[in-house]
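2 protein chains.
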Amino acid sequence: MRISDLSRRTGVPVATIKFYLREGLLPPGRPTGRNQAQYGEAHCRRLLFIRAMTGIGQLDLSTVLELLAAIEDGELSLPGLYQRTNRVVYPDLDSSKAIDDVAAERDEVDRFIDERGWRVGPDVPGRNRLAQVLAALRQLGCDCQVDFFQPYAQLAEEYAERELSLLPRDEEIERAAAVARAVLLDVALAALRGIAQEHLVNQRFGDTAPPSGTVEPIPPISPRRPSTGAANGGHAARNAGPPVEVPRRPRRIR
Amino acid sequence: MRISDLSRRTGVPVATIKFYLREGLLPPGRPTGRNQAQYGEAHCRRLLFIRAMTGIGQLDLSTVLELLAAIEDGELSLPGLYQRTNRVVYPDLDSSKAIDDVAAERDEVDRFIDERGWRVGPDVPGRNRLAQVLAALRQLGCDCQVDFFQPYAQLAEEYAERELSLLPRDEEIERAAAVARAVLLDVALAALRGIAQEHLVNQRFGDTAPPSGTVEPIPPISPRRPSTGAANGGHAARNAGPPVEVPRRPRRIR
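Quick note, the sequences are listed as chains A and B, same order.
Numbering (the numbering used here) for the first sequence: 1 to 254.
Numbering (the numbering used here) for the second sequence: 1001 to 1254.
Calculated from the structure, these hints are not laboratory results.
Among the hints, a few may not be true.
Unchecked claim - Reference listing, derived: stretches of chain B covered by chain A, where coverage requires no fewer than 3 residues with Cβ under 8 Å from a Cβ of chain A:
id	stretch
1	1001-1008
2	1026-1040
3	1045-1057
4	1068-1082
5	1096-1110
6	1152-1161
7	1198-1205
What the hints assert, rightly or not - Listed next, with one range per pair, are the computed distances between beta-carbon atoms:
id	chain 1	residue 1	chain 2	residue 2	range
8	A	Asp100	B	Gly1033	45 to 55 Å
9	A	Lys18	B	Gly1024	38 to 48 Å
10	A	Gly33	B	Ala1104	32 to 42 Å
11	B	Gln1154	A	Ala69	33 to 43 Å
12	B	Pro1028	A	Asp101	22 to 32 Å
13	A	Ala15	B	Asp1005	26 to 36 Å
14	B	Ala1069	A	Thr32	49 to 59 Å
15	B	Asp1147	A	Pro151	16 to 26 Å
Note that beta-carbon positions come from the ideal geometry of N, C-alpha and C, so glycine has one too.
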């Protein structure tokens, strides 16, 4: 298909496709003349993957490039691919921003993981991240024990189990699908946690949502309507704060 | 205390503290002479909050500013605070990157939420985000039904319940703590999911981690050692991809 068809099929604007081609996120098509090329299903899938990772997974393009490199790295086993994905999507915490002394929390986390019988290396990023969260919660005045996460750990294991069973049969797209799910699953779970929390807080502390009797019907979403919905309060909230243009990591500006 | 003590207490470098003061993330101290000011416990807590949100929560400073504004907004009820937090931390998906037609998936999600008896407004961001994830998974070749999330939804509700019970007694820091936990909890859960996944993938597809017989002992973390651990493979993986400096949202460069 031509680039215009590719754009129509994937919903990715032609200008963006050309940018991805320049940046090497998308392999070139088969030349069919000057400034003309044919693209195939592989290009389609690749574009949908990039779109899902950037648009829904909120990953930046350099991260997506790393994921693509891992997917295509023939040397990399499937376990290696999951490991790489974990480390690329959840990179080391900026050590200049992390809490220095999490020795006690790290011990707790390691014991917790051992007791679950999880066989993961000492370098699996989650160990330090979880220890950092525990330490931060304590610094902030909520004494949360690692056992707080016991029920979740159990379910997380079950989900990993079910998640693997979703692997599509098609070998060729299996690796991309595995990476995509690992990223999208966290987005979905965070979304659900937020919804459950709002429900419970409304229930507990007084309801800011319309009472169920008079719930306004959810407007049907027309294909053209941006999926983020103008009705969504998120946008207003997002622009609520003072516009401060600063680099993502203050470390850079020190 | 002086700014140097504040830095020692919180582990935030003086230069960063001064930057936060300039940007209004930190209220000024009590002047005690030219270029001299005294800071109190409130400054300490505020710095620890900012550090946790940027360092562990990986939020940028403008997002942290929005959270701080919400925490201090006396008009905002606790339910309102949770709602604001949800929308600030998980803003609308960039509509230019989202999937246009998620009508079917959105219907599924709405039905799912109704069946759970969750009373949340039609604009709670999670609805569209979850619909986007379902649509993306299908585009990518894995047909995942919303019921896939049934067990998680149940647990998410239990966690929201327990999470609220963690609210510290101290009224003054309650709101900041509520926001901090909402952000940090997702970090912790994602970390756990990643660990569980690596464990299971190792088990299922061959182990890349050292066999349990010969597991290398986890090195004790000395207080000075950066918590992100040089041993962590994440850093290598993070630098694996080609260095592409591009704006986070390709939309901007179109």
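Q: Please name the hints from earlier in the document that this structure breaks, with their numbers sorted from lowest to highest.
A: As far as the earlier hints go, 1, 2, 8 and 13 are violated by this structure, in ascending order.
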